[in-house]
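Got chain L; can you put chain Z on it based on the hints?
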Amino acid sequence: MLRVFRIAAGKFVDALIVVVALASLVFLALRVLPGDPAALVLGDQATEFERAALRAKLHLDESLVAQYTRFLRGLVTFDLGESVRRPGTSAVLRVWDAALPTAELAGLAVLMGATVGVAAAIAGAGPWLGARHGWVDKMATALAATPLLAFAPVLTYALAARLRIVPLPGDPEAGALGLVFASGLLALPLSAHVARVSRAALDDVARAQFLGVARAKGGSFARVLWLHALPAAAGPIVTVVGAQLGALLGGAVVLERLFERRGLGTLILEAYASRDLPVLEAAVVFSGAFFAFVQQLAAAAHAMVDPRVR
Amino acid sequence: MTRASEKRRRRSVVARVLPLALVISVTTVVALGPRSPTRLVPALSWAPPSLSFPLGCGEAGGDLLALVAHATLRGIALASSVALIGFSIGCPLGAAAGLLRGRVEQIIARACDLVQAFPSFLLALVVLSAVRVPTRAHLAVVFALTAWAPFTRLALAQTRVLRDAAFVEAARALGARSTRIVLRHVIPNLLGVVAVQLGATAAAIVVSEAALSFVGFGTRDGVALGAVLDQGVSAMLRAPHVLLVGAASVFVTSVSLMVAGRAFDK
Numbered sequence: 016m017l018r019v020f021r022i023a024a025g026k027f028v029d030a031l032i033v034v035v036a037l038a039s040l041v042f043l044a045l046r047v048l049p050g051d052p053a054a055l056v057l058g059d060q061a062t063e064f065e066r067a068a069l070r071a072k073l074h075l076d077e078s079l080v081a082q083y084t085r086f087l088r089g090l091v092t093f094d095l096g097e098s099v100r101r102p103g104t105s106a107v108l109r110v111w112d113a114a115l116p117t118a119e120l121a122g123l124a125v126l127m128g129a130t131v132g133v134a135a136a137i138a139g140a141g142p143w144l145g146a147r148h149g150w151v152d153k154m155a156t157a158l159a160a161t162p163l164l165a166f167a168p169v170l171t172y173a174l175a176a177r178l179r180i181v182p183l184p185g186d187p188e189a190g191a192l193g194l195v196f197a198s199g200l201l202a203l204p205l206s207a208h209v210a211r212v213s214r215a216a217l218d219d220v221a222r223a224q225f226l227g228v229a230r231a232k233g234g235s236f237a238r239v240l241w242l243h244a245l246p247a248a249a250g251p252i253v254t255v256v257g258a259q260l261g262a263l264l265g266g267a268v269v270l271e272r273l274f275e276r277r278g279l280g281t282l283i284l285e286a287y288a289s290r291d292l293p294v295l296e297a298a299v300v301f302s303g304a305f306f307a308f309v310q311q312l313a314a315a316a317h318a319m320v321d322p323r324v325r
Numbered sequence: 003m004t005r006a007s008e009k010r011r012r013r014s015v016v017a018r019v020l021p022l023a024l025v026i027s028v029t030t031v032v033a034l035g036p037r038s039p040t041r042l043v044p045a046l047s048w049a050p051p052s053l054s055f056p057l058g059c060g061e062a063g064g065d066l067l068a069l070v071a072h073a074t075l076r077g078i079a080l081a082s083s084v085a086l087i088g089f090s091i092g093c094p095l096g097a098a099a100g101l102l103r104g105r106v107e108q109i110i111a112r113a114c115d116l117v118q119a120f121p122s123f124l125l126a127l128v129v130l131s132a133v134r135v136p137t138r139a140h141l142a143v144v145f146a147l148t149a150w151a152p153f154t155r156l157a158l159a160q161t162r163v164l165r166d167a168a169f170v171e172a173a174r175a176l177g178a179r180s181t182r183i184v185l186r187h188v189i190p191n192l193l194g195v196v197a198v199q200l201g202a203t204a205a206a207i208v209v210s211e212a213a214l215s216f217v218g219f220g221t222r223d224g225v226a227l228g229a230v231l232d233q234g235v236s237a238m239l240r241a242p243h244v245l246l247v248g249a250a251s252v253f254v255t256s257v258s259l260m261v262a263g264r265a266f267d268k
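Quick note, the sequences are listed as chains L and Z, same order.
The letter at position 287 of the first sequence is residue 302 when you use my numbering, and the numbering goes up by one with no holes.
The letter at position 43 of the second sequence is residue 45 when you use my numbering, and the numbering goes up by one with no holes.
Bound conformation, chain L alone:
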């Protein structure tokens, strides 16, 4: 119990360091880089008086240290100020509204990617494909090397514009099918990585003595796989999903833009285009924080099941 607690605490601290580093870099980028944020927000036509008012509203007239403490306090209390473009709406609230669709997209993608990847690896390890089981590896390698940015628009063109099986990008009535298609695209590279890692992990386990014993006792392939091999191979699979989260986040932004879906990516783009600095800060820091904590959670889960990684 104490061990589990120690691992969890260690990973929590790691995630915290990543978040504080990201937040500080975001803070510095918007304040230390040359150029007056107030001028960026208001444009060149604004009068000096308007700019001074905005600077006061964004607390840009205080010292850097005072701004930083305010910023950190805002992070902890989820209060990073009001949206500049939509007065009266808090920045954090807008981020929260946008986070749900993105979470749906990414969550479904992780689920599909992990399922398909593990299934492909089992198909490659099992007796069904015979001499052709190398195909699984080759396909996974090819797919893992293909950037989402290259195949997502082409697949969308083929399936939405030519074959008309899925809704076109930007279709407001895309509904569940649109969500499933977008998550499917996002899941493809993930499933390739999961398949490669699980293939290697299952191969590793296959040479272990306990599998030989289980098989010698007369366990069927399914029983040996389910009860003995998969649990032993779970660690690397969890880790690779964690390691792919960064790509998943970037991919979600790309796909939201491609399909014109509402979400964190769209919010960040909108905040960028309209220079809504509080919303931009909040969106980046909170999605970064979520990302870091889930990633460390995956690492902690691996460390708890597998004593070798500690």
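Since the hints were derived computationally from the structure, they do not count as laboratory data.
Predicted, not measured: the structure shown is a model, and the values here were computed from it.
A virtual CB, placed ideally from N, CA and C, is assigned to each residue, including glycine.
You may find that some hints are simply not true.
To be verified - In silico SDA-like pairs for lysine to any residue, Cα to Cα no more than 25 Å straight-line:
1) L:72 x Z:133
2) L:153 x Z:18
3) L:72 x L:39
4) L:72 x L:91
5) L:72 x L:93
6) L:153 x L:262
7) L:153 x Z:195
8) L:153 x Z:265
9) L:153 x Z:8
10) L:72 x L:82
What the hints assert, rightly or not - On the chain L side, residues computed to face chain Z include the following (Cβ under 7 Å):
11) 41
12) 169
13) 172
14) 265
15) 269
16) 306
Said to hold, decoys possible - Calculated from the model, a selection of chain L residues having no Cβ within reach of chain Z, i.e. all distances over 10 Å:
17) 84
18) 85
19) 86
20) 226
For chain Z alone, coordinates are given in the frame of chain L:
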């Protein structure tokens, strides 16, 4: 010659030829091509490929061949410079950490873990929005912030093996200083492993740059692979060739860079 080794030989020929062919053809188009990537001929908007415009035209009649060639060249330049920066910071750092052992080694290894867990895509978004006119130099700085970590990690792992090797011990016994050992004995032995990482890093950066320009965070001139894709998506029904050209060029560029790294690994 066995079939397997024949296959491997053929693959290594591809590995050398594909990236070279890409760079040479792209440079030729950039140097000798008759048209500028930003020149627009509105009459030719979304024109399909023809003899005088081999890849067709994009939004407002920009020549896609010129656009893709310039964008690819700039993307490769950005990616290889960031990969080289990461390499020249990461390798000595990792090698030094491995030789110094103890505290330093632990701290650097942990720093690598943390930096590799860093969402650099998000950071790039913020830095690009904080500057008035985003350029590739800004992108290079953002990517370089995290690009060194995988090199350090590889160099550290390799140095842990090398530091007890007989030739390193011999060099030390002959009185060589640490700098000399790192430069003359450790780093040359790292290069094979690290070259693969150079290719992988460069490929990842080309794709990130294209992704950033696709979502609208690119440089202002619109000469980027992602900008071509963006045009293609918006005119998916009218002019599908733009989308196919954009997707193919992202794919070919990233695979070439990845393959180029593998070519050095014997």
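Hints, verified against the model:
| no. | hint | in the structure |
| --- | --- | --- |
| 1 | L:72 x Z:133 | 21 Å, holds |
| 2 | L:153 x Z:18 | 21 Å, holds |
| 3 | L:72 x L:39 | 20 Å, holds |
| 4 | L:72 x L:91 | 20 Å, holds |
| 5 | L:72 x L:93 | 18 Å, holds |
| 6 | L:153 x L:262 | 21 Å, holds |
| 7 | L:153 x Z:195 | 22 Å, holds |
| 8 | L:153 x Z:265 | 19 Å, holds |
| 9 | L:153 x Z:8 | 18 Å, holds |
| 10 | L:72 x L:82 | 12 Å, holds |
| 11 | 41 | 5 Å, holds |
| 12 | 169 | 5 Å, holds |
| 13 | 172 | 6 Å, holds |
| 14 | 265 | 4 Å, holds |
| 15 | 269 | 5 Å, holds |
| 16 | 306 | 5 Å, holds |
| 17 | 84 | 20 Å, holds |
| 18 | 85 | 18 Å, holds |
| 19 | 86 | 13 Å, holds |
| 20 | 226 | 28 Å, holds |
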